[in-house]
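Chains as they are written, first to last, in this note's numbering: chain A, 1 to 115; chain B, 1 to 111.
These are calculated hints, taken from the structure and not from any lab test. Since the structure is predicted, the reported quantities are computational estimates derived from the model, not experimental observations. For every residue, glycine included, the Cβ atom is placed at its ideal position computed from N, Cα and C. Hints are not guaranteed to be accurate.
[Unchecked claim] Straight-line Cα separation of at most 35 Å, DSBU-like style, residue types lysine-lysine; simulated pairs:
id : chain 1 : residue 1 : chain 2 : residue 2
1  : A       : Lys22     : B       : Lys81
2  : B       : Lys57     : B       : Lys68
3  : B       : Lys68     : A       : Lys19
[To be verified] If you want the footprint, here are the derived chain A segments under chain B, 3+ residues with CB under 8 Å:
id : region
4  : 33-43
5  : 101-110
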Amino acid sequence: ETGVTQTPRHLVMGMTNKKSLKCEQHLGHNAMYWYKQSAKKPLELMFVYSLEERVENNSVPSRFSPECPNSSHLFLHLHTLQPEDSALYLCASSQDMVGTSDEQFFGPGTRLTVL
Amino acid sequence: GQNIDQPTEMTATEGAIVQINCTYQTSGFNGLFWYQQHAGEAPTFLSYNVLDGLEEKGRFSSFLSRSKGYSYLLLKELQMKDSASYLCAVMSKEYGNKLVFGAGTILRVKS
Chain A
1 ETGVTQTPRH
11 LVMGMTNKKS
21 LKCEQHLGHN
31 AMYWYKQSAK
41 KPLELMFVYS
51 LEERVENNSV
61 PSRFSPECPN
71 SSHLFLHLHT
81 LQPEDSALYL
91 CASSQDMVGT
101 SDEQFFGPGT
111 RLTVL
Chain B
1 GQNIDQPTEM
11 TATEGAIVQI
21 NCTYQTSGFN
31 GLFWYQQHAG
41 EAPTFLSYNV
51 LDGLEEKGRF
61 SSFLSRSKGY
71 SYLLLKELQM
81 KDSASYLCAV
91 MSKEYGNKLV
101 FGAGTILRVK
111 S
């Protein structure tokens, strides 16, 4: 595997379910990100981790809970979501945290549908 | 993203040249990125500008004017595979040096 991978690619869940999204980067990067992409809206940054420490939480509701056990893996735990949370969730990584010209490498995303 | 504007959609003909504009308003500007995103796929990096002027990379070029808060992405010799969404993203001290994205421009290339 190369680059940034995400599983699952598609997820349908009810509002009372608990599920987790997984992201893995094989690039040796130090920073990882979660973004939300809704239809016809800009990419929204949710969380930033640098060297496994959370450095950014963009006022995201507590029903989204990130976890970064090591610099290669990032999880997004989901519980009691709302239908408006349906979106494409993208993971990205970069060599170092933003503030530099380091480009971000994106995974293919998880298409989440909340019923 | 806040104060980052791009046209919603554009259509161009195969073989032609198209220019996608992006305007922004921010303080402490630290760079502007362009990404390409095909439907159902991950965004991929195209270019980065931090100084005024034109950066050329094959068929794609990106221009920046910091005083005008303006950038454009120029695509030459358009191919059908260039049909995609093009995302402008700005990094600045105002945004905590995180990337803030515009809503993207959907480009349709017709034969």
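Hint-by-hint comparison with the structure:
no., hint, in the structure
1, A:Lys22 / B:Lys81, "holds (30 Å)"
2, B:Lys57 / B:Lys68, "holds (23 Å)"
3, B:Lys68 / A:Lys19, "violated (46 Å)"
4, 33-43, "holds (count 4)"
5, 101-110, "holds (count 8)"
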